[in-house]
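Novice: Produce the complete structure using the sequences and hints provided.
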Amino acid sequence: MIGNRIGLAVWLHSLKYVRQMRKYGNVHYASKRMKYVVLYCDETTIDDTIQRLESLHYVKLVSKSMRPYLKTEFQNARPDKAKEYDYKMGI
Numbered sequence: 031m032i033g034n035r036i037g038l039a040v041w042l043h044s045l046k047y048v049r050q051m052r053k054y055g056n057v058h059y060a061s062k063r064m065k066y067v068v069l070y071c072d073e074t075t076i077d078d079t080i081q082r083l084e085s086l087h088y089v090k091l092v093s094k095s096m097r098p099y100l101k102t103e104f105q106n107a108r109p110d111k112a113k114e115y116d117y118k119m120g121i
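Residue numbers for the sequence shown follow this note's numbering, beginning at 31 and rising by one.
Be a bit skeptical, because a hint or two may be false.
Derived DSSO-like pairs (lysine-lysine); straight-line CA-CA distance at most 27 Å [stated by the list, open to error]:
(1) Lys-62 with Lys-46
(2) Lys-94 with Lys-53
(3) Lys-46 with Lys-65
Listed next, with one range per pair, are the computed distances between beta-carbon atoms [said to hold, decoys possible]:
(4) Pro-98 with Arg-52: 19 to 25 Å
(5) His-58 with Thr-102: 17 to 23 Å
(6) Ala-39 with Gln-105: 15 to 21 Å
(7) Tyr-47 with Lys-94: 15 to 21 Å
(8) Lys-46 with Leu-100: 43 to 49 Å
(9) Leu-100 with His-58: 15 to 21 Å
If you're looking for bench data, these hints aren't it; they were derived computationally from the structure. On a predicted model such as this, the values are computed, not experimentally measured, just so you know. Even glycine gets a Cβ: it sits at the ideal position worked out from N, Cα and C.
Specialist: Here you go:
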């Protein structure tokens, strides 16, 4: 079973090491032009994984995704007036 996962953006010096990223998590995307890898790993081992990745000589920077910590429920969302009028027409 897959538990809670967090995305990591790992910036590399060279794309030669993309295949080695598979042992740290699931590689979702690798950008050839900007030389970064998006990988997902378990939430429970995220700090240990970041520390191990930063110690590698071919890694420039590791940044954690903030999406799990963002609030996705919005309040005071008002519907569009044009759409509201169409619903009242009764067609």
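Novice: Would you mind marking each hint as holding or not holding in the structure?
Specialist: Against the structure, the hints:
1. Lys-62 with Lys-46: holds (10 Å)
2. Lys-94 with Lys-53: holds (17 Å)
3. Lys-46 with Lys-65: holds (10 Å)
4. Pro-98 with Arg-52: 19 to 25 Å: At 22 Å between Cβs, range holds.
5. His-58 with Thr-102: 17 to 23 Å: About 20 Å separates the Cβ atoms of His-58 and Thr-102, which means 17 to 23 Å holds.
6. Ala-39 with Gln-105: 15 to 21 Å: Distance hint for Ala-39, Gln-105 is violated at roughly 30 Å.
7. Tyr-47 with Lys-94: 15 to 21 Å: Because 20 Å falls inside the window, the suggested range holds.
8. Lys-46 with Leu-100: 43 to 49 Å: violated (34 Å)
9. Leu-100 with His-58: 15 to 21 Å: holds (19 Å)
Against the hints set out earlier in the document, violations occur for numbers 6, 8.
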